[in-house]
Every structure is written in structure tokens, then in C-alpha cells.
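Peer 1: Here is how the chains run, residue by residue.
Number of protein chains: 2
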Amino acid sequence: MSQDKNKIPTLSTCLSPSLLHLYDVSDSLVVIIDILRATSTIATALYNGARSVIPVDSVAECIKLGRQMDVLTAGERDGKIAEGLTYGNTPLQYTREFIEGKTLVLTTTNGTRLLHMALAEGAKGILTGAFSNLSALCEYLVAEHKNVILACAAWKDKINIEDTLLAGAVIHRIKSHFSLNCDSTMIAESLYLEAGDRLFDFMKEKNASHYHRLMGFGLEEDIRFCLTPDNANIPVIYKDGRLVAVR
Amino acid sequence: MSQDKNKIPTLSTCLSPSLLHLYDVSDSLVVIIDILRATSTIATALYNGARSVIPVDSVAECIKLGRQMDVLTAGERDGKIAEGLTYGNTPLQYTREFIEGKTLVLTTTNGTRLLHMALAEGAKGILTGAFSNLSALCEYLVAEHKNVILACAAWKDKINIEDTLLAGAVIHRIKSHFSLNCDSTMIAESLYLEAGDRLFDFMKEKNASHYHRLMGFGLEEDIRFCLTPDNANIPVIYKDGRLVAVR
Chain A
-13 MSQDKNKIPT
-3 LSTCLSPSLL
7 HLYDVSDSLV
17 VIIDILRATS
27 TIATALYNGA
37 RSVIPVDSVA
47 ECIKLGRQMD
57 VLTAGERDGK
67 IAEGLTYGNT
77 PLQYTREFIE
87 GKTLVLTTTN
97 GTRLLHMALA
107 EGAKGILTGA
117 FSNLSALCEY
127 LVAEHKNVIL
137 ACAAWKDKIN
147 IEDTLLAGAV
157 IHRIKSHFSL
167 NCDSTMIAES
177 LYLEAGDRLF
187 DFMKEKNASH
197 YHRLMGFGLE
207 EDIRFCLTPD
217 NANIPVIYKD
227 GRLVAVR
Chain B
-13 MSQDKNKIPT
-3 LSTCLSPSLL
7 HLYDVSDSLV
17 VIIDILRATS
27 TIATALYNGA
37 RSVIPVDSVA
47 ECIKLGRQMD
57 VLTAGERDGK
67 IAEGLTYGNT
77 PLQYTREFIE
87 GKTLVLTTTN
97 GTRLLHMALA
107 EGAKGILTGA
117 FSNLSALCEY
127 LVAEHKNVIL
137 ACAAWKDKIN
147 IEDTLLAGAV
157 IHRIKSHFSL
167 NCDSTMIAES
177 LYLEAGDRLF
187 DFMKEKNASH
197 YHRLMGFGLE
207 EDIRFCLTPD
217 NANIPVIYKD
227 GRLVAVR
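Same order as they appear, the protein sequences are chains A and B.
All the letters of the first sequence, read from the start, carry residue numbers -13 to 233 under this note's numbering.
All the letters of the second sequence, read from the start, carry residue numbers -13 to 233 under this note's numbering.
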């Protein structure tokens, strides 16, 4: 399964699900990036001992699967817990006391859809990435020695600053192990280097659309958490329909 | 036709033709950006007195229209004049001595396709933009007081650095006249501000894919020309199937 050890794998960046068809998904590991807040929440729940997180597209499917499996259901629409679900999409909620040993069915819009697209395209492997698990993700990707596509979930297909920043952070850390041949990769790294460790202030200064939206819901604490590196530092992979921590 | 004079128009940026469907094209002026080299060549030919440039999708159509109208034909494939056409896609060729008073049928791939997409979506108006006509374009857009979409032609739908840089340059100059609500706009401006007036070196340092490709064809002089602001400084609009200078 692994590529020729002497061949340098490629690292590409896809800034919107609408561009995924341009990339060689079937020959790559695909990292799903949806840091506000899906992939941050997923990393946090798994870091704190959740058995698995099952990502589903719709609230209806979330309710159905939650009943069938008798597990926790979570998801938000417009910043509030969606009707029929029990928990929200704030990473702060998923403490060890609450989530350890449990399975969570989570509905998110942009991230889950992109994950299913990558699956349909036959990705060699799927991971989720966030600032929360940045270092662990990077170590995993370097060790795998396979082609990587950093796939930003964006917002309804529109490119967003926050997912681009996380892509840039990954690129900056691991680029020496890969061949880079994609302008989006360079653009993402540039943006990240401009932001540096001032991620929250950068989002504010740039009036990032999703920053603006979540602040309007009173979720500043969530944003700050999702921009903090390594606060839930485990690699997350998709396996047999579930997201699980690699331990 | 003009918008309410008291309402601030919006300025959005679309970094790939694959994302154009996300934007409100029918309520906007759309600026087609394909600086290496289509929109630079178009600005240059018109600045130097061409009557009009007719953009067409294919070499076959270019040959056919050239014969029907008895006008010049131009276009390249893989860095060489395409078989059956007479001239290439280098802006340096379109001097006043050569092009004044003439009509040119030009086939380009990425830029022409995007222009036809914007037309099909019912754009309020279509312009072409390049560093070559940066100031004139900016003045025109501010004076029009309408919503603007900066639409990058990219390279086979993959986002590229050079078109993003030109979008960023326009944004940086005119943003105070518009409402900005699009993360891609902020990303493009950031990239441009990082490059500053070192555009050629920036392209080189970032190993921009199209820089690499054109250098391989021995076209450094073309790249340098296309990165020079205001060397063919007239606004270019699409009208009745032709690109013409606004004088």
C-alpha cells in the first residue's frame, strides 16, 4: 500500500469542496479541515476519550442513528442545538468527564459533506485536521509518506480564512518532506505566516466571515479554543464509517 | 441601470471559475483576470490601437472567424503559435505599428471560458483586468458604483498565484469604495501586500506553477511585462461580442 520510499510524496491544498475534482484524491490521504467548529470538536471529543464520532450529513439522519445505536447525538444549526438533538457543536462541551467511553453521532454541514466526497472519490485514507490536533496530524502525515491533499471544508463552498490558515500551518511544518506543486499551497502558507501566532486577532482584523458569524452567536470562547494549537493533540482518522483517534 | 447612489456596492473575489456559481453574477460587473497572458495581451493590443479583440474558445473557431471577417488570428497552445493561426499570445508582439486599426480574433483557454461563463450567468457588465491596465481598471470600477466580482481565470480551474495577486492589487486600491464580505478578497489582498512591488521575484520564490511553465518556454520577458503595472493603461470592456477599450 505504501508508496515507493524513495519517491517524495506530493502535498496539495484544495481550498473549497467545489475544487476537489481537480485533485488526485484516489492516490492521496485527504485531510478534512473544518476548524469552526466540526474538526475541532471531533478532535476534542476523541482526545477526551470518546470511542468514536460518527459524522452524518443531516439532522434527520443524526436522530435516526442516535436512536438505533442508543448513543449521543449532537449538531447545531444557526448556532443553536438542532431540534431533536441533545448536544451542540461546541468543543468546550466535550470534556473527559462527559464524553469518555461514549460514541457521538455528529451532524455538521460543510465538513461532513466534504468527507463523503473524498470517500466517494476513493481517497486512500481520510483524516480530520484542526489547530487542536495540529502537531499530531503533522507527525502522522510525515510518517505515512503518502501524497496528501489538505481539503478545506470552506463555508457553503466559499473559501474561508480559518481553514486556509490551518492548511497553511500544516504546510509550514511539513513542507520539507513533500513535493509542492500547487499554488494554493503557497497561498495558504503565506496567509498563515502573516497571521503567525496572532490567529484570533488576525481573524478579527480581516473580518473573516465565519468569525463575524460566530461572534454574533456569542461564541468567542469557541473561536479562541478552535484557534489554539494542540489542545486536543491526537491524530484522527476515518475508519469503517467512524472517526477515531490513533493511539 | 445604476444602483442606488447611497448604497455601498460590494466587492467580491472568485479565485477559480469552478467557484463562480457561488457569486451573484447577474447583479455585478465581472472582471475577468487571466494575466499570464490573455488579459495582458488584450489590454496591450487595445491600448496600442486595435479596434477590437474577439475572444473565442477554440483554435478551429479562431480560424473560421478570422477567415469570415478577414482579420488577424492569434493564439498559442503549449507556448507556441497554434497551427492554423498567424500570431501568438505574447503581449510584446502587439505594438502600435503592428496592431493599430486592426481587429484580432484571439483564442485563449482559461480566460475566454470564464468570460463566456460570466456572460451566460447574465453579468451586468464584463471587463478584463491585468497589471497592464490596473489603474484604469480601478478608476473605472470606482466610477461605476456597482457590485464587482473579481474573477480569476486560474489554470484549468486550479487557483493560481498571479491572478490572485492582480485581484489583490485591485482590492488594495479600491476597497474603501466598497463593502467587503468575502474571505477570498482578504486572502488576495494579503498575498498582494506580501509581494508588494517584487512581483516577479515573488512568483519565482513561490515557484508559481505558471511562472515555472512559462519560464520553461523561454518567456521570461513576457512574464515581466505582464507583471508591470499600467504599461497598457486603458479600461477594457466586453460589448457586443468584442473586447474594446473605453476611451
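Any given hint might turn out to be false.
If chains are identical, the list can't say which one is meant, so a pair holds when it fits in one copy or spans any two.
[Said to hold, decoys possible] Simulated pairs of lysine to aspartate or glutamate, DMTMM-like, Cα-Cα distance not exceeding 20 Å:
1. K142 <-> E180
2. K142 <-> D10
3. K161 <-> E191
4. K50 <-> E107
5. K190 <-> E107
6. K50 <-> E86
7. K66 <-> E47
8. K110 <-> D226
9. K50 <-> E83
10. K132 <-> E107
11. K110 <-> E86
12. K190 <-> E47
13. K66 <-> E107
Read the hints as simulated data drawn from the structure, not as lab findings.
From a predicted model like this one, the values you see are computed outputs, not experimental measurements.
Peer 1: The structure should be examined with respect to each hint, and the outcome stated for every one.
Peer 2: Status of the hints after comparison with the structure:
no.: 1; hint: K142 <-> E180; verdict: neither (25 Å within a copy, 28 Å between copies)
no.: 2; hint: K142 <-> D10; verdict: between (22 Å within a copy, 14 Å between copies)
no.: 3; hint: K161 <-> E191; verdict: between (27 Å within a copy, 15 Å between copies)
no.: 4; hint: K50 <-> E107; verdict: neither (26 Å within a copy, 40 Å between copies)
no.: 5; hint: K190 <-> E107; verdict: neither (36 Å within a copy, 33 Å between copies)
no.: 6; hint: K50 <-> E86; verdict: neither (22 Å within a copy, 70 Å between copies)
no.: 7; hint: K66 <-> E47; verdict: within (18 Å within a copy, 55 Å between copies)
no.: 8; hint: K110 <-> D226; verdict: within (13 Å within a copy, 49 Å between copies)
no.: 9; hint: K50 <-> E83; verdict: neither (26 Å within a copy, 73 Å between copies)
no.: 10; hint: K132 <-> E107; verdict: within (17 Å within a copy, 40 Å between copies)
no.: 11; hint: K110 <-> E86; verdict: neither (29 Å within a copy, 56 Å between copies)
no.: 12; hint: K190 <-> E47; verdict: neither (35 Å within a copy, 49 Å between copies)
no.: 13; hint: K66 <-> E107; verdict: neither (32 Å within a copy, 35 Å between copies)
Of the numbered hints stated above, those contradicted by the structure are hints 1, 4, 5, 6, 9, 11, 12, 13, listed in ascending order.
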